Every structure is written in structure tokens, then in C-alpha cells.
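Colleague: Residues per chain, in single letters:
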Amino acid sequence: MNNYFDLKLVELGRWIEAFFAHYPTLKLVVHLLLCTLPLALSFMGAFAFTTWLERKGLARIQNRPGPNRVGLFGLLQPIADGIKMLLKEDIVPERSDKLFHFLAPIMLMIPAMIGVGFLPLGDGLHALPLDSAIIFFFAISSLNTIAVFMAGWSSRNKYSLLGGMRAVAQMISYEIPLVLSAVAVIMMAGSLNAQEVVASQQISSWVGSGNILQEFFGRILGWNVFKPWGFAGFIFFFIAALAEANRSPFDLPEADSEIIAGHLTEYSGFKYAILFMGEYISAFAIAGIGVTLFLGGWNGPVFAGLPWFVLKLFSLFAVMIWIRGTLPRLRVDQLMGYAWKFLFPLAILNIFLAGFYHFLERQWGTAIAMLAGWLFGFGALQLAAIALSRLNQSPTIRSKRVYQLVE
Amino acid sequence: MSLIGKGILKGMGVTAKNFFQSYYRKERLPTVEYPEEKATINQFSRNFPFLLYDGDDPVDGMRCTACTLCERACPPQCIYIIKDKDENGKAILSPRIFDIDTSVCMSCQLCVEVCPYEAIRMDSAFELSNENRFEGLLLNREELLKPNAYYHEIHPLEARETDDRMAAKAALAEAKKKARQKRARLAAKNKPPPGLKKTPPTRKKPPQREKSE
Amino acid sequence: MNSPDLSDQKAVDLSPEGTAKAGVILSSLVWIYNWSRSNSVWPLLFGWACCAIEMIGTAGSRHDIARFGAEVFRPSPRQSDLMIVSGTVTKKMAPQVVRIYNQMPEPKYVIAMGACAISGGPFKQGYNVLKGIDRYIPVDVYLPGCPPRPEALLHSLMTLQKQIKRQKSLGRTITNPAYGEGRRIYPVPELRGDDLFPPFNPEVWTPPAKNPNVEDGCPAGRKSV
Amino acid sequence: MSPVQTMPPRSYHIGKDDLGADILEVAMGPHHPSTHGVFRMDLKLDGETVVDLKPVFGYLHRNHEKIAEDITYPMSMPFTDRLDYLCGMTNNWAYALSAEKLIEIKVPERAEYIRVIVAELTRLVNHCLLIGFFVNDLGALGTPLLYALREREKILDLFEVLSGARMMVNYIRFGGVRCDPPDGWLKECQRIVDAFPAFLDEYETLLTENEIIIARAQNVGVVTREEAINFSLTGPMLRASGVNYDIRKVDRYGIYDRFDFKVPIGGHGDCYDRFMVRMLEMRQSVKILKQAIRDLPEGEIMGKAPKIFRPAPGEAYGRIEAPKGELGFYLISDGTPIPYRFKVRPPSFVNLTALRHMCLGHKVADAVIILGSIDIVLGEVDR
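Residue numbers (my numbering), protein chains in the order written: chain D, 1 to 407; chain Y, 1 to 213; chain X, 1 to 225; chain C, 1 to 383.
Worth flagging that the hints you see were computed from the coordinates, not collected in a lab.
One should not assume that every hint holds.
Stated by the list, open to error - Lysine-lysine pairs mimicking BS3-like chemistry, simulated, CA-CA at most 30 Å apart:
| id | chain 1 | residue 1 | chain 2 | residue 2 |
| --- | --- | --- | --- | --- |
| 1 | Y | 10 | D | 341 |
| 2 | Y | 182 | Y | 146 |
| 3 | Y | 182 | Y | 169 |
| 4 | Y | 169 | C | 262 |
| 5 | C | 287 | D | 98 |
| 6 | Y | 17 | C | 106 |
| 7 | Y | 38 | C | 187 |
| 8 | C | 287 | Y | 26 |
| 9 | C | 304 | Y | 169 |
| 10 | Y | 10 | Y | 83 |
| 11 | C | 66 | C | 106 |
| 12 | Y | 177 | C | 106 |
| 13 | C | 187 | C | 262 |
| 14 | Y | 17 | C | 44 |
| 15 | C | 307 | X | 92 |
| 16 | X | 91 | C | 54 |
| 17 | Y | 10 | C | 287 |
| 18 | C | 307 | Y | 17 |
| 19 | C | 154 | Y | 26 |
| 20 | C | 304 | C | 106 |
| 21 | X | 92 | Y | 38 |
| 22 | Y | 176 | C | 66 |
| 23 | C | 262 | X | 92 |
| 24 | D | 400 | C | 262 |
| 25 | Y | 83 | D | 400 |
| 26 | C | 66 | X | 92 |
| 27 | C | 343 | Y | 17 |
| 28 | Y | 176 | C | 304 |
| 29 | Y | 26 | C | 66 |
| 30 | Y | 26 | C | 343 |
| 31 | X | 91 | C | 343 |
| 32 | D | 400 | C | 44 |
Quick caveat: nothing in here was measured; it's all calculated off a predicted structure.
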């Protein structure tokens with residue numbers, strides 16, 4: 001276990017706290033600051049970096065170089081944007097509900113930051129090491145629905161209102177498949193503690209034991225995503241997470257081409273920046289919990305710990321950017337239908353699949369369970385998916401269209 | 001056909017291909033880094049009209065004769081010409097004022113097409129953003145006049161054609177003039193040419209100068 | 001004209017003399033501020049007419065306005081810094097343009113792109129075309145052309161960036177409204193009958209006295225400016 | 001996904017819906033990212049469902065026709081570029097065609113071929129850009145649009161070499177074209193046309209099978225065959241509804257009877273069909289282009305046009321199959337060099353009349369894509 005980096009960080013924290021050993025109150029304050037401040041700063045930094053990554057990535061997808069004039073490779077672009085936004089005029093619409101208009105960005109930021117606190121970033125790097133961290137996470141992260149609706153409603157703009165309504169409908173619906181796909185993991189790990197969920201994915205038992213192969217591949221193959229139920233669960237989780245985080249193709253609350261900027265329409269200056277940052281950080285939080293639940297958390301070969309977590313987080317974000325660069329948006333009724341008629345039954349079926357796998361593993365060992373799970377369990381899931389989509393689609397959409405070419 | 005299916009993955013494949021190929025294939029990254037690299041204009045590009053002059057002095061070598069054909073042909077009426085007068089108040093065949101309001105011009109090239117003296121041509125300069133509308137965008141005669149060399153620089157092909165055409169025209173005029181002089185010498189005895197005929201030769205001077213260059 | 005009351009802001013001395021006293025720190029702050037806002041000019045996603053297609057072309061891969069950090073075309077005026085008036089502004093449209101300008105937060109800039117936005121262009125003889133958007137809102141950069149090439153738009157963006165970087169004074173002047181002047185809100189013209197009222201906004205535009213090049217006076221209908 | 005039921009237009013009087021709740025009135029535009037310019041839709045929404053729609057235009061009314069009645073015939077040519085500012089070449093051609101009808105001018109062979117080449121190139125530009133805008137309206141973050149722009153730049157380079165300008169070409173003249181293509185132009189054109197199907201393949205892989213586009217665009221904005229004829233729709237919109245009517249085939253103006261090409265016909269008349277018909281039309285355009293470049297003869301490029309264009313009193317209507325539909329110019333001459341009446345029959349304006357019918361009962365998001373699938377350009381709608 002080569003988590004040298006994490007241990008050093010924890011040691012550093014202890015060392016700083018040791019200065020205040022004689023002042024219990026001050027020590028507590030310092031402890032709290034050490035738990036929160038680096039987290040907040042690093043995630044804000046990550047937000048800035050992600051906006052750069054997103055702009056560069058989208059640019060490359062669209063065959064253009066992207067920002068490259070401000071600093072090396074345009075790396076200072078987010079800083080320029082940040083300073084500009086900070087000093088830009090803040091407009092509060094005359095007839096808006098000023099209190100809620102003011103509170104909405106804060107309300108979006110708080111649950112996002114708390115959600116980040118539940119993530120096990122590394123071995124011992126855990127701001128809020130609760131035993132029920134995962135359930136708490138889902139409870140807190142659904143709060144940002146309220147913030148988005150507050151932003152939409154208080155602006156007193158029709159587009160904002162539509163955006164807010166969409167956000168409520170969408171986020172509440174997708175909360176269910178999100179949690180249901182997490183249930184399978186919790187079931188298998190037998191714990192709601194995030195660190196224990198990570199620990200349950202440390203070593204794959206069927207690669208062999210005590211050799212270099214296990215050291216290397218075992219640390220990858222132990223991730224839940226390589227198990228049949230975990231793979232399906234990860235896909236459902238990822239789709240639901242995209243919807244939770246208002247990312248494309250589910251970015252309906254701020255659909256540019258339909259309702260201007262949705263709930264963000266009336267926000268300017270730094271409030272807009274904070275709303276924007278809040279959305280990104282809640283997307284980070286959801287992606288982070290996805291990493292924890294399905295991608296083995298901070299586990300990984302060679303340099304386990306924080307670097308692996310960061311790597312996985314940004315890879316997941318890169319996929320989000322890639323999807324954003326490719327796909328158009330769903331319609332609002334299709335979005336709801338997709339959550340309730342498709343993802344919800346499949347997520348429930350996935351829980352049964354997980355139970356089935358667990359039973360087989362107990363009875364005949366991992367190898368058999370894997371085989372049966374991938375063949376039959378996953379097959380069943382596939383069939384169910386196809387059946388559901390056929391059921392939900394109208395015959396004209398199902399049939400393939402042919403176009404005549406006439407003289 | 002499920003909602004997450006083949007089509008979406010295919011599309012993602014296309015974007016991924018574009019993403020990676022943009023690093024090593026020129027056609028996937030066709031960006032022209034504008035201020036550093038030269039812009040994508042070619043020798044046929046046109047933007048705003050300018051006036052041509054031959055020789056060194058812009059005003060003396062001006063080809064324009066203030067015939068106002070371009071002024072009349074201009075669809076948005078952005079050309080404004082006032083003929084020059086000599087001390088006696090007699091009109092001279094050159095413009096005293098020749099203004100083009102580039103903030104109105106629609107770059108249609110009709111003025112170029114109607115000009116019989118090859119005096120007005122289209123420039124391809126485009127870096128004309130200005131903070132002042134009237135001083136920056138209302139071009140007067142001095143700002144509009146550009147040497148023939150500049151024309152050769154921006155539109156080499158077209159300029160060569162123009163020069164050839166003008167040389168041919170000048171040669172024809174020369175031949176006509178010679179023939180007329182010959183006829184005059186043969187027919188009559190009195191040599192002094194009438195004063196009114198003095199102007200056409202001055203007008204035809206530029207091509208001659210062009211030829212001598 | 002409902003310009004905001006500035007009396008409460010008088011406490012901070014932002015006059016040139018005041019800033020001169022403040023010295024190095026303030027001037028480097030100004031530099032940072034100018035650097036950041038000139039490198040992060042977010043245009044409003046709004047196309048009027050033909051020039052809009054070239055504006056979109058500028059965002060395309062050949063020209064890529066993103067290199068200057070200006071590809072974030074925001075659809076809402078609240079989040080945009082730059083209004084590129086890309087096309088003909090008709091008399092029916094002019095009130096909305098002024099309204100959108102009023103909705104934008106300071107600091108805000110305007111590029112009049114193309115002949116139509118500057119002067120009405122080829123259509124200026126029409127009864128329904130506004131002869132230049134600068135009659136109602138202040139224009140920072142005029143970009144002639146019909147339509148201007150995408151590179152020309154990039155050039156105008158660079159001109160604007162230079163202009164922003166030049167703003168040294170912290171004085172409270174109209175040319176530098178980013179500091180303390182409050183948001184510029186201009187009266188929205190009204191379409192009465194077949195003309196706009198008022199015909200222009202005297203705060204930002206005065207009819208030019210006379211073309212200095214033309215001593216003889218303009219023949220009627222030939223030289224409308 | 002469940003089928004979208006086209007709701008019969010109910011009478012939503014006094015702004016209440018079935019449950020007595022308020023109807024939301026939204027003025028979409030003139031400043032809206034996906035109204036394709038300065039167009040306004042006054043929507044009445046029950047939740048997100050459109051119960052009434054009123055298109056409001058005139059925000060770009062530039063007096064095109066009135067100005068044209070003040071100036072001579074040739075001076076109107078550059079103004080026609082600005083009608084449908086995506087396809088200057090076809091606009092030029094339509095105007096030249098009607099003027100050539102007014103005064104008998106024989107267009108030389110080579111000029112006819114060049115006209116076909118530039119018109120079909122314009123069709124490629126318009127269709128690939130339109131599909132980009134359409135998918136943008138669907139919510140994609142510009143990627144298809146930027147691919148389309150990438151290809152458009154190549155074709156615009158061709159136009160620039162040929163005519164001097166990228167968009168406002170002002171290239172076609174009464175009786176021919178303005179100038180001969182310079183050396184190497186044809187070769188470059190050939191190269192771009194040959195490479196175009198590869199781009200189309202990529203575009204189709206990206207878009208046509210995408211399940212989200214299928215779910216969003218199929219069964220949305222349906223116009224049946226009869227309705228399409230009654231609305232007097234033209235162009236790809238009409239053909240997507242299953243009517244075989246292409247002016248290139250019907251009128252055989254120019255030299256279109258010499259080319260071997262087919263007309264793609266849709267069966268459902270929804271947004272997806274309109275999108276696919278355009279996709280297939282681009283392939284046919286490539287086919288025409290290849291033939292035209294192969295057969296381009298040598299010779300004159302200008303017919304015997306009079307120095308001063310002064311037609312005898314009379315009238316003429318010339319129409320072509322512009323990328324958006326039937327573009328016609330109706331000219332009345334009173335014997336002076338200035339037209340007495342100058343009327344444009346813009347395809348996007350006529351196609352726009354079906355908007356309300358198509359949008360009723362759909363969601364706001366659908367209204368946006370239906371507008372996108374009509375393919376309007378406000379310069380042409382408002383003129």
C-alpha cells in the first residue's frame with residue numbers, strides 16, 4: 001500500500017495542530033480550518049482548472065485551439081474571467097424577490113461544499129468521516145434543487161421560472177435512480193461509511209494472491225465497475241448524475257437554445273460566478289461519490305491515495321465534457337419519462353442482480369459468480385432495457401425510415 | 001433500440017476522432033492564428049474601393065477624371081465627388097473632392113465595373129476598425145489615393161491585366177493621334193492645335209508614363 | 001433619463017489626483033483589472049442580420065475567437081460584456097437594442113459591426129432603417145465592411161482590448177464608466193408613427209456640424225450622415 | 001419515449017387552462033439565441049405546452065423592394081445578396097433570371113455551367129449550416145455547427161477567389177457571370193467537391209442515428225402532404241411532406257435538364273424528415289457538381305447584354321429552386337431603367353406561415369426546433 005502522499009498530508013495536519021496542543025479551543029478551530037479550508041480552496045482551484053479544461057476540450061472536439069493567449073496555453077484564462085466577474089456590476093432586478101435572489105447562490109454553494117466534505121479523498125483524508133456518510137451525502141446534495149428553484153423563482157423572469165420548474169422536476173426524478181444504483185453498492189459493501197465502501201473495493205479476490213499481479217491488477221479489478229451489477233449500476237449512476245448536476249444532455253434548467261439561461265438568466269457579476277461554481281462543485285461532488293462507489297475511490301496500483309482520486313475525478317469530468325461536446329438535449333417530458341419508465345425499473349432490477357451475484361459468490365466462488373453475472377445477469381438487464389425502450393417508444397419512431405429518391 | 005445506444009456511441013466516436021486528430025492533422029485544426037499569421041485573404045479579395053495614381057505624385061498622377069459614373073452607379077450612394085476648377089472657374093478633369101464613406105459602402109464593386117479610366121479599384125485591406133466614425137471611416141481623396149505598385153502588390157493578376165488593357169488603349173490612342181496628325185499634316189498647312197484639344201492628351205498621359213516605366 | 005444617484009459613492013476619491021496619491025498599488029490594481037477584463041470579453045449571443053453569420057463564422061474553427069477568451073457567447077445580457085451589433089438595426093428593433101444595452105452590467109462595450117450598424121449602410125435610404133446605432137448607445141469600436149471578414153472582427157476585438165488596456169485613469173468619466181459611474185442606462189426610444197422619438201440620444205450623439213471636406217455644402221440626399 | 005400527441009387547438013380564453021391555472025405568456029425574441037435572428041414568437045404556454053403562438057416579424061424590414069424601385073436594374077443586384085444572406089449566389093441567379101426574361105438575353109453555355117456550379121455550392125453551404133443550426137437548437141453545444149462552418153469556409157474560399165467576397169458575392173450578371181474562374185479554381189473546386197462526401201459521411205455518423213435526435217425530431221412538427229400543399233410550402237419542407245416538386249425538375253431552368261440527379265422525398269413531414277431530406281439533397285448536389293465540373297465548356301461568359309438596361313414595358317417572373325425553396329422575383333417594367341415594381345417571393349417567409357400549425361400542442365423546446373427546421377433567414381422573411 002503505497003499511500004505515502006496521503007500519510008504525509010495527514011502528518012502535516014497533525015504537526016500544525018500540535019502547535020496549539022495547549023489551547024483546546026484554538027486547537028478545535030484550527031482542526032476545523034484544516035478540515036475545511038484546504039478542501040474549499042482546492043475545489044475552487046479545481047473548478048477554475050475545469051473551466052479551462054472544458055473550454056480547451058470542447059475547442060479541440062470542435063477542431064479549434066481554444067483559449068491560448070492569456071498565459072501559457074491560456075491557463076490564466078479562468079483567473080482573468082474570475083477577476084472580471086468579481087468586479088462586474090451586480091444587477092438585482094427591480095421586481096425580483098431580493099432576499100431569495102441574494103440567498104440562492106449561497107444556498108447552492110453550501111450543500112455543494114458539504115457534499116464535497118463527505119468524499120474520502122485519500123487514506124485518512126476525509127473531512128466528514130461519518131458512519132452514514134453516503135446517506136448524508138444524498139440528503140445534502142438534493143438540497144441544491146431548492147437553490148436552483150429559488151434562483152429561478154426569485155428572479156421574476158419567465159424563462160427563469162421555467163428553468164426553476166424544470167430543475168425541480170428533473171432533480172427530484174433523477175434522485176431516485178441515483179440512490180437506487182448506489183443501494184446495490186451499499187448492499188454489497190455492507191456499510192454506509194464511505195471509507196469502508198472504498199476498502200471493500202481494494203483487492204480483487206479472484207486475481208490470485210500474494211503476487212505482483214495481484215498488487216497491480218487486483219487493485220484495479222477490485223473496483224465495483226468491473227462487476228456485472230457494478231457496471232450496470234455505474235451507467236445508471238452516471239446518467240442520473242449528469243441529470244443531477246445539470247450537465248448535458250440533461251442541462252434543461254439552463255437550456256441555452258430554449259430558455260436563454262434558465263435560472264441563471266437574471267444573475268450577473270459575482271453571483272453568477274458563484275452559481276456557476278456551485279453547479280460545478282456539486283458536479284464534482286456527485287462525480288466524487290461516483291468514484292467512491294464504483295471506481296474504487298482512492299484505490300489504485302503504484303501510488304494509491306489522493307492522486308488516484310484526482311485522476312479518476314478528472315477523467316469522469318472529461319467524459320462529461322466529451323458528452324457535452326457531442327449530444328443534443330432531451331426534451332422535458334422525455335427526460336421525465338426516461339427517469340421513471342426506463343432508469344427506475346432497471347435500477348431496481350440491478351439490485352436483484354447484485355443479490356443474485358452475492359448469492360452465487362457465496363455459494364460457488366467469485367469466478368463462477370462473475371461468469372454467471374456477466375452472462376445471465378447482464379443479459380437480463382440488456383433484455384429488460386430493450387423491452388422497456390420498445391414499450392416506451394411509439395411505433396413510428398421504432399421503425400426505420402426509408403427515403404425515396406425520385407426523378 | 002434503446003435510448004443509450006449505437007447512434008450516441010457512434011457520435012461520440014466522431015467527436016473523439018476529431019479531438020485526437022486535431023493534434024496531428026492540419027485539416028482537423030484549420031485555425032489561422034490571425035494577428036501573427038497572415039490572414040486568409042487572397043489576391044481576389046475585395047473590401048473597399050481606392051483610387052489609383054501613376055507615377056510618384058498622387059494628385060498629378062491621379063487617373064480619376066471626376067466623370068461621376070461611379071457616383072451614379074453606387075447603390076448605397078457612398079461616393080461623393082466634386083470636380084476641380086482652375087483659377088478661371090473652368091472645370092478640370094480631376095476631382096477636388098473624392099470621398100468614400102466606408103461606413104456605408106457595401107463592397108459591391110459596381111464602381112470598379114463602370115469606371116472607364118481604370119481609376120478606382122477594390123482594396124483588400126480589412127483592418128479598419130476604428131474608434132471614431134467620422135474621422136476614421138470617411139476617407140477623402142488623399143487617403144484613397146494609392147500607387148499602382150500597391151495595386152500590383154495586392155491584386156497582381158488583375159493589375160497586370162489592367163496595365164495591359166491600358167497599354168493597348170494608349171497604343172491605340174497613340175496610333176489614332178499619329179494618324180490624325182499625319183492627316184492634318186497632309187491636309188492642311190496651319191499647325192497650331194486648337195486650345196480645347198489640349199486636355200485629352202493630358203488625360204492620356206498616365207498610360208504613356210506607365211509604358212515608359 | 002434615470003441615471004443612478006451617485007452621492008453615496010463620493011466618499012471614495014477616485015479622481016485622477018486621488019489615484020496619483022495612491023501610487024503604485026492602485027495603478028497595478030488598475031493594470032490587473034484591465035488585464036482581466038480585456039482578456040475576458042464575453043459577447044452577447046445575438047445576431048441581427050448578415051454580419052451575424054460572419055460573427056458565427058468568427059467562432060468557427062478557421063478563425064476561433066476563443067483564442068482571445070471571447071468564445072463564451074452568453075445568451076443573457078446580464079452576463080455579457082460586449083454587444084456586437086451585427087447587422088441592420090431597424091426602427092422597430094432599435095428600442096429593444098437600447099433595452100438590451102440597458103440590461104447589460106458595467107463595464108460594457110459595444111462594437112458596431114458592419115455598415116448597417118454604423119450608419120444604416122446600404123439600406124440607409126430605407127424608411128425603416130436606423131441610420132447608425134450610435135445615435136442611441138455609445139459605440140466603442142466601429143468596424144466597417146459589408147459584411148466585415150471574420151479577421152476584421154478579430155481585429156476590432158483587439159482594438160477594443162487595446163482600448164480597455166489604455167484606460168489608466170480611475171477618474172469618474174463617461175469614457176471610463178467601469179469605475180464608479182454606475183450603469184449607463186439610456187432612454188429607450190419609442191416608435192411613434194413611422195419614426196423614432198427622440199430621433200437620437202443627445203447624451204451620446206450630436207449631429208455632425210458639416211462635413212469638413214465639403215465646402216460647397218451637401219447636395220440634398222447625396223450625403224446623409 | 002411516448003409519442004407526442006398533437007393536441008387539437010383548444011380555445012384558451014381568458015388566459016386560463018383546464019384547471020383554472022394561468023396561461024404563461026412568453027415573448028420569445030427578438031433577442032433569443034434560437035430565433036435565427038430578430039424574430040419573435042409570442043407563445044402562450046400551459047406548463048411547457050404551447051397552446052398558442054403568434055409569429056411577429058418586421059424587426060429586419062430593410063425596405064429591399066422599395067429601394068429596388070428607386071434604383072436601376074443592375075444596381076439591385078448587390079442588394080439581392082443581402083436577402084438570404086447565406087446564399088448570395090442563388091439570389092443573384094433568381095434576379096438575373098427574371099431580368100433576363102424581361103429583356104431577351106441569351107446566356108452563354110459556359111456561364112450557365114458556372115451558375116449551376118455556384119448555385120449547388122451554395123446549396124451545400126446552406127444545408128450543412130442549417131443542419132448545424134438545427135442541431136444547435138436541439139441543444140448540442142455547437143459541435144455540428146462548427147463542423148459545418150469548417151466545411152463552409154472551404155467553399156467560401158472558392159467564392160472569394162471567384163467573386164472577391166465571401167458572402168456578398170454580387171457575381172451573376174444579366175446575361176452571364178461577372179468574371180471567368182481564374183486558373184486552378186476548377187481544380188480546387190473539384191478537390192473540395194470530391195472531399196465533401198467524406199464530410200457528409202462523418203456528419204451523418206454524428207447525427208442521423210443519434211437516438212436523442214430521433215426522439216426529439218421524429219413526430220414533431222408534422223405537416224401532412226395536403227397541408228403542405230395548402231400552405232404553399234416549397235423546397236425541402238414540401239418534399240419532406242412527400243410531394244415531389246423541385247423547380248429544377250419542373251421548370252428545368254438554366255441547364256438543369258442536362259444533369260442526372262434525383263429528388264429525395266420524405267414520408268412523414270416531421271422535423272426529422274426535413275433534416276434528412278436536406279442531408280440527402282446535399283449528396284445530390286455533389287452529384288450535380290461533379291457532372292457540371294466535368295462538362296464545363298470553354299467559351300464566352302457574358303451574353304449580349306445591352307449597355308443600359310432599359311426593358312420594354314412588361315412584366316416577368318423568374319423563379320429558381322433556392323436552397324430554402326422557391327425564390328422568385330417579379331418585375332414590372334414601365335420602359336425606364338428603373339423597375340416599376342420589384343417583388344420578391346421569399347421561400348422562408350411562405351414556409352414560415354405553417355409555424356403556428358406545426359407548433360400547437362408541442363413543448364417550448366419543440367417550438368424552437370420546429371422553427372429551426374423551417375430554415376428561415378430573417379433578411380428574406382422581412383426583406
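Colleague: Identify every previously stated hint that the structure contradicts and give their numbers, smallest first.
Modeller: Numbers 2, 4, 5, 6, 10, 12, 14, 15, 18, 21, 22, 23, 25, 27, 29, 30 and 32 - these are the hints that the structure violates, sorted from lowest upward.
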